[in-house]
Amino acid sequence: MGKVRVVPLPWTTIYGFGTQAQSIVAGPWLAAGAIQRVRVTWEFRTSSDPTELQVAPGYQTADQEDDPGSDTTLGSQTSSEGMKYPTAWTDVSSNTEGKQLFRPVWRVSNAAANTLTAGRVGGVMEIEEV
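Letter by letter, the sequence shown follows residues 1 to 130 of our numbering.
Incorrect hints may have been included.
[Said to hold, decoys possible] As a list, the in silico EDC-like pairs of lysine to aspartate or glutamate whose alpha-carbon atoms are at most 20 Å apart:
hint: 1; residue 1: Lys-84; residue 2: Glu-43
hint: 2; residue 1: Lys-3; residue 2: Glu-97
hint: 3; residue 1: Lys-99; residue 2: Glu-128
hint: 4; residue 1: Lys-99; residue 2: Glu-129
hint: 5; residue 1: Lys-99; residue 2: Glu-43
hint: 6; residue 1: Lys-84; residue 2: Asp-63
hint: 7; residue 1: Lys-99; residue 2: Asp-71
hint: 8; residue 1: Lys-3; residue 2: Glu-129
hint: 9; residue 1: Lys-3; residue 2: Asp-91
hint: 10; residue 1: Lys-3; residue 2: Glu-81
hint: 11; residue 1: Lys-3; residue 2: Asp-67
hint: 12; residue 1: Lys-99; residue 2: Asp-67
hint: 13; residue 1: Lys-99; residue 2: Glu-52
hint: 14; residue 1: Lys-3; residue 2: Glu-128
hint: 15; residue 1: Lys-99; residue 2: Asp-66
Since the hints were made in silico from the structure, they are not lab data.
Work the whole structure out from these sequences, hints included.
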């Protein structure tokens with residue numbers, strides 16, 4: 001196992017509108033070159049109908065801060081409240097290879113297409129580097 005860095009994902013208010021997942025920035029841009037694997041411990045609370053707002057941790061990679069690439073979801077979105085503990089590390093090296101930047105995001109959507117829902121999410125991302 002390589003060096004592990006812990007990145008806090010501060011409590012954030014999230015909103016979901018529409019069934020297409022959107023990304024909400026959860027942490028700072030980090031150098032991507034050495035990142036191999038990640039895992040996230042997080043908590044989700046909703047103030048809306050708990051079956052509608054769906055969230056999962058994820059990440060973006062980029063070569064420039066103002067031009068993030070595609071978003072990747074870690075695991076599956078969930079609408080169930082409470083703590084979420086990782087069971088394994090997720091290998092992200094194929095997405096970070098050749099990229100300059102990496103940042104954590106929350107992937108948020110709504111099961112009800114035209115309803116605005118809100119909640120709170122926070123946690124930590126552990127990043128293994130070589």
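Each hint, compared with the structure:
1. Lys-84 to Glu-43: holds (6 Å)
2. Lys-3 to Glu-97: Holds, because 17 Å separates the two Cα atoms, which is no more than 20 Å.
3. Lys-99 to Glu-128: holds (16 Å)
4. Lys-99 to Glu-129: Roughly 14 Å separates the two Cα atoms, so the pair holds.
5. Lys-99 to Glu-43: violated (29 Å)
6. Lys-84 to Asp-63: Not satisfied, since the Cα-Cα distance of roughly 30 Å exceeds 20 Å.
7. Lys-99 to Asp-71: Given pair Lys-99, Asp-71 holds - Cα atoms ~13 Å apart, limit 20 Å.
8. Lys-3 to Glu-129: holds (5 Å)
9. Lys-3 to Asp-91: holds (15 Å)
10. Lys-3 to Glu-81: Distance ~31 Å between Lys-3 and Glu-81 Cα, so the pair is violated.
11. Lys-3 to Asp-67: Violated, because 28 Å separates the two Cα atoms, which is more than 20 Å.
12. Lys-99 to Asp-67: Judged against 20 Å, a Cα distance of about 12 Å means the pair holds.
13. Lys-99 to Glu-52: violated (34 Å)
14. Lys-3 to Glu-128: holds (6 Å)
15. Lys-99 to Asp-66: holds (14 Å)
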